[in-house]
Amino acid sequence: MIFEERQVEKNNFSVRAALLFGLMILGLIAVLVQVFALQVSGYSDYQLAALNNKNYAVPVQSLRGEIYDRNGNVLVKNQPTYDLITRPNLIVDIDSFIEKIKPVISLSEKEISRYKKLQKDKAFANKELVLKKDLSAEEISRFQVRSFNFQNAFIAQRFRRVSDYPNIFSHVLGYTSRIDSDFESMPEIPRSHWKDVELKYAHGLIKGQSGLEEEYEDHLRGRHGQRIFEMNARGQLIQSLSFTQPKKGLDLYTHLDIGAQKSAAKFLGNRKGAVVAIDLESGGINVLYSSPTYSINELSNGMSENNFQTLINNSDKPFFNRAVQGRYPPASTIKPAIGMYGLSNNIVNWDFEIEDPGFFTLPETGRVFRGWRKGGHGKVNMHKAFLVSSNTYFTSLAYQADIIDLSNYLSSFGFGKKVCKDCFAEDPAFVPSPEWKYSIMNKGWVKGDTVNLGIGQGYLVSTPMQLANYAAILATKGQYIQPFLASVDNQKKSLKIWQDEKISNSDWKKMHEALLGVIESDYGTARSIRNLKEFQVAGKSGTAELVSLDSKEAYQDIRTSELLRDHSIIIAFGPMPNPRYAVSVVIENGESGGAVAGPVAIEVLKSLINE
Amino acid sequence: MNKSLQKIYFDPYLFFSLFLLSTLGLFFLFSASNMDTSIVLKQFVYIVAGFILMITISQLDPDIFRRNAVLFLIFSFLLLGITYLFGPEINGAQRWIRVGPFSFQSSEFLKLAVPIFLANFLFDKKLPIQKKEIGISLLVIVCCFLFVFRQPDLGTALIIAFSGLFVLFLSGLSWTFIGGSFVLLVVSSPFIWNIILQPFQRQRIATFFNPESDPFGASWNIIQSKVAIGSGGLLGKGFGEGSQTHLNFLPETETDFIFSVIGEEFGFLGVLLLLSIYLFILLRCLYLALSARDRFCRLVIGGLSLTFAANLIINLCMVVGLLPVVGMPLPFISKGGSSLISLFLAFGIIVSMGTHKKFLPQ
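Order-wise, the sequence lines are chains A and B. The letter at position 607 of the first sequence is residue 607 when you use the numbering used here, and the numbering goes up by one with no holes. Position in the second sequence (from 1) plus 611 gives the number in the numbering used here.
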């Protein structure tokens, strides 16, 4: 190549080399710009992403608050038990570990196979695994002496949710049951992390399922804490970075009374039924008992599938809370309300008298409504009508009633509504009306239906809770407080005033006298219970017919089948003349109200008053 | 004769910047390997061997390379053939030759052989280069590319192709030809996509354009790499403190993704320092190329140093998310003996070509 050519070549090369090197330098600059975008502009996003990669937060279960009765006795508590917990990642040979620990801790084949199945994954992720729950005292001491041999295991306290009265408070306290996660309470922790929750209860994550445990779940639960682990990309826990203590749930103070509840359970015995008692001064519910019952201790700490099925399939329905869900005709206990309706609407007054032949004949159809006593009660005014529970008096009163007015009047006593402030799954039961009958049965309302209401039969149904609330209205002359079980944060009691301007103070006085006479006078239908106590009690008993029959003879025929027998009902309050407690008792298929339900009501009042 | 005995061919700028780079590399590798001293020690031995090799090679006269260029290419092809016949299959790829306790990647030699061969073939050709010469050059490039590509090793194959194309371009390829091939490339891209690329390579390119499509699968690597770099911030998390690196979120920390480790632990300032060293090396190579004694030396220096630059930039662009994932180490930093030795060989040749001067009569 000649010199000029070489010079041209060299220049040509320089240009091209500069071009390519320039491109490379541009590439370097592009990288630098991108790195700047990542590290400086996008820093906070990427820093967060890096933290989210490695930080693994798990909830730490909180202890639930305890539940107390009105005297400060504990009803539900957290009882410590001890579990043996292992660190599978420190166990070199699983079989020899099991062999070594078997003489110290007794293990069933089932426990061993469960452990072997789970330990591999836990070992990989550096997570803990329970080997044996609920250690005995001997097991604990045997283990502690030899603990230096078991660097890979330790004993930890785990709690059980228990009550010392597991059967008599089952419906009102309710039970807890195991849940997979409680992620709504901690939205900052991803749902999937709940599988690694640090437990406080041996049974796992628990949540109130019924009764007060459910109703006051937020109050009792407390706040779960959290532990943040450093985790690598393979899901192995490396170390604990931080720990926030869980906050124990608040204790719950109820108005329940252990003594009175025990009386209710004792005197109801194994009969089906319910008892509700209300403290008139505070509105607090002292007794809320439903029979038959079940053990909340078993249910809250893991009941076997067999036992659970037996409970579910029991024809007496032990899970059914008769006190707030049972629908019973109020029968004669409705008569005070009907009487007041009559007074209020000037249908009757205290002096008005009728002749009671023992039955009432509906003029329109000739249908006969019989009283409980053949031949009747002779001349009957309202006072006597309460004492002897004259059906004729109240059927002829109801005959003159306007059904809409009467329905509303009954509703004002709490019938057909939820009346308890904090009862779990309370049933509003039912007050009938013409529209209802038309829409359900496609039949018009007839006078006979109204007459039936007058004696608390027919379509009207109520719960024992409603009956107790009704008794409280009668006892306080309308100055009652909405019933409730527990008070939280000094919340205001809601004073409810039942008012009817047409009912005067003297009407109330006469009403109390009459209801007192039901139990305390020589003619009262419930006089059989008057000698059971030292104080005076007012009340009204009732016998709810399950089958509408026209004669006593017919009833004797069906009586042989226990499930068709009448329900025995009473509402009562005392001590008179200044009542402090109101109570209602319903005994299914118990027959005569005063004689059967009466003694239970008296015993409950006795334990409340004599405390 | 006496003169050449006295003279030691040595470029202090390249020597010190490479020394700095590989020393820093050891330091980074120590963290990236989770403080594995045996890995660092092995890398250290390769670096020492590499420097000795580089200094030795740079003493050779450029004419030796020119005269043996064809032999060198044939030798490299032989090694590839041996790999194909006897090489062990690792992770579905046949790339390695095992000699006793050592194993090396045979394709590394082509990175050197191809530019030297083409420089030798083209340095005495008249400008502009004729069609026949272009044809032969391209044939060599395509053959080498395909041989390595089917191992499969797309990264190295691309680098080899680039090394050849750089020499071809520097030797004076006409602009019309360049424009024409560019159009051809664009037109044939659907063909390349469908026939040549393996399914996993297509997957990588697809995830590059839509990384959120599969965050736990194919785009995991690139997402974690960006998180590592981004979370390093201005100053980094500190040596050994990178959570992405040490908790295994970042893949291939010792090899392809070591730059992400540097970004995470030393931040933007660390990256700036590292890139400055690379830039300095590139500029020094450009100077040596421009001041080399003849056309052959210019072409070789240009070809080898641009290949080094392309290798560097493809790796960087990949880990910061500017290019789809291609297996390619960060030069002088990533773990790996073959790559280090071939880099030191390349720089030995560059120093040899850049420091041997011939005084021509004016």
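Bear in mind the hints are in silico, worked out from the structure with no lab data behind them. Cβ atoms here follow ideal geometry from the backbone N, Cα and C, with glycine treated the same way. Among these hints, one or two may not hold up.
As the list claims (entries may be wrong) - Simulated crosslink set (DSSO-like; lysine-lysine; CA at most 27 Å straight-line):
{"no.": "1", "chain 1": "A", "residue 1": "Lys437", "chain 2": "A", "residue 2": "Lys374"}
{"no.": "2", "chain 1": "A", "residue 1": "Lys10", "chain 2": "B", "residue 2": "Lys969"}
{"no.": "3", "chain 1": "A", "residue 1": "Lys77", "chain 2": "A", "residue 2": "Lys102"}
{"no.": "4", "chain 1": "B", "residue 1": "Lys653", "chain 2": "A", "residue 2": "Lys10"}
To be verified - Here are the simulated distance ranges between beta carbons:
{"no.": "5", "chain 1": "A", "residue 1": "Val74", "chain 2": "B", "residue 2": "Glu852", "range": "46 to 54 Å"}
{"no.": "6", "chain 1": "B", "residue 1": "Pro623", "chain 2": "A", "residue 2": "Ser44", "range": "56 to 64 Å"}
{"no.": "7", "chain 1": "B", "residue 1": "Trp786", "chain 2": "A", "residue 2": "Leu26", "range": "41 to 49 Å"}
{"no.": "8", "chain 1": "B", "residue 1": "Pro623", "chain 2": "A", "residue 2": "Asn152", "range": "56 to 64 Å"}
{"no.": "9", "chain 1": "B", "residue 1": "Ala817", "chain 2": "A", "residue 2": "Lys110", "range": "46 to 54 Å"}
What the hints assert, rightly or not - If we take Cβ atoms under 10 Å as the criterion, some of the chain B residues that face chain A in the derived model are:
{"no.": "10", "residue": "Leu845"}
{"no.": "11", "residue": "Gly847"}
{"no.": "12", "residue": "Gly849"}
{"no.": "13", "residue": "Phe850"}
{"no.": "14", "residue": "Gly851"}
Where does the structure disagree with the numbered hints, that is, which hint numbers, in rising order?
-> Those not satisfied are hints 1, 3, 4, 6, 7, 12, 13 and 14.
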